[in-house]
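**Q** This is what each chain is made of:
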Amino acid sequence: MAQQEMSEEQIKELQEKIKNMSPEELREFQKKQCIFCQIILGKVQSKKIYEDDKSIAIMDINPANPGHVLLLPKEHYAIMPQLSEEEIAHIFMVAKTISNACLRALGVTGTNILVQNGVAAGQRAQHFMVHIIPRKENDGVPFQLPQKEVPEAALEQVRKKLESHLGMQPAKGHAGMKAWTAKPAEPKGRSAAAGFPEMLKNKLISSINEAQDEEIPGEKIAGPSEQEKKIIKSSEQEKKIIESSDPDKASDEAAAEKMLLNHEKKNARESWKSRRSGKEGEEKIKKAPGKKRGGKEADINLDDIARLLGS
Amino acid sequence: MAEQQKCILCDIIREVIPAKKFYEDDDIICILDFNGANAGHSFILPKEHIPILEQIPNFLVGKLFNTANKVSSAIFDVLKVQGTNIFVSNGVAAGQKVAHALVQVIPRMENDGVQLSWPPKQLTEEEMSTVELKLKDEIGRIGFGKEAGQKANAPAAKKAPQPIEEAEGEENYLVRQMERIP
Numbered sequence: 001m002a003q004q005e006m007s008e009e010q011i012k013e014l015q016e017k018i019k020n021m022s023p024e025e026l027r028e029f030q031k032k033q034c035i036f037c038q039i040i041l042g043k044v045q046s047k048k049i050y051e052d053d054k055s056i057a058i059m060d061i062n063p064a065n066p067g068h069v070l071l072l073p074k075e076h077y078a079i080m081p082q083l084s085e086e087e088i089a090h091i092f093m094v095a096k097t098i099s100n101a102c103l104r105a106l107g108v109t110g111t112n113i114l115v116q117n118g119v120a121a122g123q124r125a126q127h128f129m130v131h132i133i134p135r136k137e138n139d140g141v142p143f144q145l146p147q148k149e150v151p152e153a154a155l156e157q158v159r160k161k162l163e164s165h166l167g168m169q170p171a172k173g174h175a176g177m178k179a180w181t182a183k184p185a186e187p188k189g190r191s192a193a194a195g196f197p198e199m200l201k202n203k204l205i206s207s208i209n210e211a212q213d214e215e216i217p218g219e220k221i222a223g224p225s226e227q228e229k230k231i232i233k234s235s236e237q238e239k240k241i242i243e244s245s246d247p248d249k250a251s252d253e254a255a256a257e258k259m260l261l262n263h264e265k266k267n268a269r270e271s272w273k274s275r276r277s278g279k280e281g282e283e284k285i286k287k288a289p290g291k292k293r294g295g296k297e298a299d300i301n302l303d304d305i306a307r308l309l310g311s
Numbered sequence: 001m002a003e004q005q006k007c008i009l010c011d012i013i014r015e016v017i018p019a020k021k022f023y024e025d026d027d028i029i030c031i032l033d034f035n036g037a038n039a040g041h042s043f044i045l046p047k048e049h050i051p052i053l054e055q056i057p058n059f060l061v062g063k064l065f066n067t068a069n070k071v072s073s074a075i076f077d078v079l080k081v082q083g084t085n086i087f088v089s090n091g092v093a094a095g096q097k098v099a100h101a102l103v104q105v106i107p108r109m110e111n112d113g114v115q116l117s118w119p120p121k122q123l124t125e126e127e128m129s130t131v132e133l134k135l136k137d138e139i140g141r142i143g144f145g146k147e148a149g150q151k152a153n154a155p156a157a158k159k160a161p162q163p164i165e166e167a168e169g170e171e172n173y174l175v176r177q178m179e180r181i182p
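Those protein sequence lines, which keep their order, are chains A and B.
Quick note: the first sequence uses our numbering, first residue 1, plus one each step.
Quick note: the second sequence uses our numbering, first residue 1, plus one each step.
Pulled out of the complex, with its shape left as it was, chain A reads as follows:
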């Protein structure tokens, strides 16, 4: 409202001012203008249901359904690509938990998690947020995704464009999945290990040690993605190095490299597997007190939802 009352000159002045601002100043300025930043600072009242150092969850005052939650990063970001990978991972981990809480506490049979990027997608606030909307059958929420027929050729074009734009390696078989599920070929490995270059061997051993070290201090929640990434990155680099080195050694080293890769992959897989099972165990322990307080129904609720889908 205040902006509409300004004269054109004032608006121009303001635009000029914004142009000349440093990124930090601009961020400060946006924060002052943003209602959600004011909520986060506690200057505007809200019904807060969750808060940690990076994110905050409040009840939507214009809910699609009772229990509609807005999940916001505390930092002011207008759009999703501004968030770091770590922040996105954190926000959606919280979103998963809140969705879980909705299913358990509100007696609903589903949830929608929704992000709106851009006005055309329904974004109204200048603060990135995730909507978590509890759902029941026939609850009157008018979500609709039309099914349009897109010609095969057009779809293939889109696919190619996306594939090349994402710059991720072209899809190749299931090497990763196989490495994960298949039993390691132990005896073969041993004979090959005799010809292992010393450096690679040491690397392998140290990587195993590292993995073991990492597991001890409360790593259970953080997940193995960082370690996995490291391994994938380093193995790619090593591949390049090997390819560029002289061809005679290359075949030998490539074989050894393969071994190392498999070992590392297996190691990473197993460590997250064990961490995962460890975490599940932890969750069970956490659930236990809930059951005493009558949380048993809630547990069944989750399974029911999965079963409903199966039928």
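Keep in mind that the hints are not guaranteed to be accurate.
Have a look at the derived ranges for each label pair, beta carbon to beta carbon [unchecked claim]:
#1 B:Val98 <-> A:Ser7: 54 to 64 Å
#2 B:Thr124 <-> A:Gly107: 17 to 27 Å
#3 B:Thr130 <-> A:Glu24: 36 to 46 Å
#4 B:Asp77 <-> A:Ala125: 17 to 27 Å
#5 B:Thr130 <-> A:Leu41: 20 to 30 Å
#6 A:Asn62 <-> B:Asn35: 28 to 38 Å
#7 A:Ser22 <-> B:Asp11: 48 to 58 Å
#8 B:Lys97 <-> A:Ser22: 40 to 50 Å
Hints were generated in silico from the structure; no laboratory data involved.
Beta carbons are placed, not taken as given, at the ideal position from N, Cα and C, and that holds for glycine.
Dock chain B against chain A, hints included.
**A** Just chain B, lined up with the frame of chain A:
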């Protein structure tokens, strides 16, 4: 296993059924919807057969949504759309059709027939407070507060290398995006 054999998405992952796949790694796969809401409507799904989002381990949730974010950016750039929705339907009531959890990325344009907005429901102050308390209580019971606390204590080493990569690659994109912000 029996479940897995019936699942159409698992068949796609095992390449029994052809699909428009544009990304794949050890844990996830990205495909295009044949009957999407708009051309470019994408599914990002875990390779493991997991029926609902709540059952997916946290690190995989992070990976799924980070990929969704990248796909969303790619859709912006490649298809020149005006927006994207990242959408998860959890449970039949929420519109989930296959018992294999997935994240949808939906390209958006004005008046494209996609309906993902809602008329606000009027709740009394009392209803709001009841729901608020129930949720607060349940989140406390699941024990997330504790989990988050531990994460905050985790080594800061992870944070260091991240922002640089992001900033450089995204710069142009961000500048362009700024103009699109409402």
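**Q** When the hints from earlier in the document are held up against this structure, which numbers fail?
**A** Result: no hint breaks.
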